[in-house]
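Asker: Residues per chain are reported as follows:
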Amino acid sequence: VLLGLVHVNMGALSQPGALAQAARAAEAAGFDSVWAGEHVVLPDPQVPASPMRPQDPALDPLLALTWAAAHTTTIALATGIVILPQRNPVVLAKQAATLDVLSGGRLMLGIGAGYLEPEFGAVGANFAERGAVTDEYLDAMATLWYDEHPAYHGRFADFAGIDAYPRPLQQPIPLIVGGHSAPAYRRAVGRAHGWYGFG
Amino acid sequence: VTPQQAAASVAGLAAAAGRVPRPGELGDLEISVTPRGRLTPELATEFAQAGVHRLVPLARPAPDGPAQAIEAALVAIAGL
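Quick mapping for you: the protein sequence lines, in order, are chains P and H.
Start counting the first sequence at 1; every next residue gets the next number (my numbering).
Start counting the second sequence at 1; every next residue gets the next number (my numbering).
If you are wondering where the hints come from, they were derived from the structure by calculation, not from laboratory data.
Hints are supplied without guarantee of correctness; some may be wrong.
[What the hints assert, rightly or not] Which residues of chain H face chain P? A partial, calculated answer using Cβ under 10 Å:
#	residue
1	P21
2	T34
3	L55
[What the hints assert, rightly or not] Stretches of chain H that chain P covers, calculated by requiring three or more beta carbons in the stretch to come under 8 Å of a beta carbon on chain P:
#	segment
4	3 to 14
5	22 to 28
6	72 to 79
From the three backbone atoms N, C-alpha and C, an ideal C-beta is built for every residue, glycine too.
Working from the sequences, and respecting the hints, build out all of it.
Answerer: Here it is as structure tokens:
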């Protein structure tokens with residue numbers, strides 16, 4: 001059985017020294033990965049579906065993992081998870097490739113479709129169609145990472161005649177799908193290296 | 001999640017595998033879960049029996065949270 005440690009970007013660990021210390025300790029103990037979750041914003045007042053209080057600190061997972069990468073050498077860096085339909089897929093593809101390159105190929109990209117409507121509203125993201133958006137964004141990011149001439153034409157993402165370097169060091173980036181819904185299971189089986197259950 | 005929830009999710013993934021083709025280059029699906037509560041040897045065994053490949057314990061949001069979670073996890077999987 002492998003071991004990972006979550007959430008290295010939240011609560012008391014959202015301080016630079018604490019985050020670095022946690023990542024180094026996990027690496028020294030033989031853990032294979034540290035994990036960082038995501039809530040861009042939290043409902044205020046807290047709603048039953050929200051696992052956190054609105055005042056609970058949660059660093060951006062990709063930035064936090066980049067910080068962890070700078071203080072470790074071998075441990076994998078996993079998002080657990082990024083709420084994909086709340087992100088711009090072109091920008092996220094760049095951020096993920098950047099972290100993978102800077103860390104020497106240690107990124108594990110965990111994604112989920114999200115479930116907190118107030119969070120989607122604040123970001124301006126499409127909550128009603130978040131499943132379809134998630135599927136399209138995965139395809140859009142894949143063409144940016146792996147295709148010689150990236151192009152994608154969908155309902156929620158549309159681009160061509162562009163390119164993005166550097167490509168991720170890992171070809172492919174290990175993809176993990178989080179969530180307990182039937183679409184999450186389908187997505188994990190059909191296109192991911194792993195599945196992650198939390199909560 | 002609990003070992004029972006993990007087992008239910010593994011069953012859900014297996015059911016999905018019957019409906020959705022899995023590209024061969026992806027290899028076996030790796031199952032990771034965050035255990036609910038403190039990880040114990042008994043729980044670790046139950047998760048392993050449920051088909052879990054990676055345990056991702058939650059570091060309590062306190063200064064000593066990571067150290068406690070790491071120590072408990074190492075003890076929990078020592079016999080596996």
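Asker: Hints first: check each against the structure and report whether it holds.
Answerer: Hints and how they fare:
1. The closest approach between the C-beta of P21/H and any C-beta of chain P is roughly 7 Å, which is under the 10 Å cut-off, so the hint is satisfied.
2. Interface hint status for T34/H: upheld, as the beta-carbon distance to the closest one in chain P is roughly 5 Å, under 10 Å.
3. Checking L55/H against chain P by beta carbon gives a least distance of about 6 Å; that is within 10 Å, so the hint holds.
4. With 5 residues having a beta carbon nearer than 8 Å to a beta carbon of chain P, the segment 3 to 14 of chain H meets the requirement of three or more and the stated coverage holds.
5. With 4 residues having a Cβ less than 8 Å from any Cβ of chain P, the segment 22 to 28 of chain H passes the three-residue criterion, so the hint holds.
6. Counting residues of the segment 72 to 79 of chain H whose CB falls under 8 Å from any CB of chain P gives 3; the rule of at least 3 is met.
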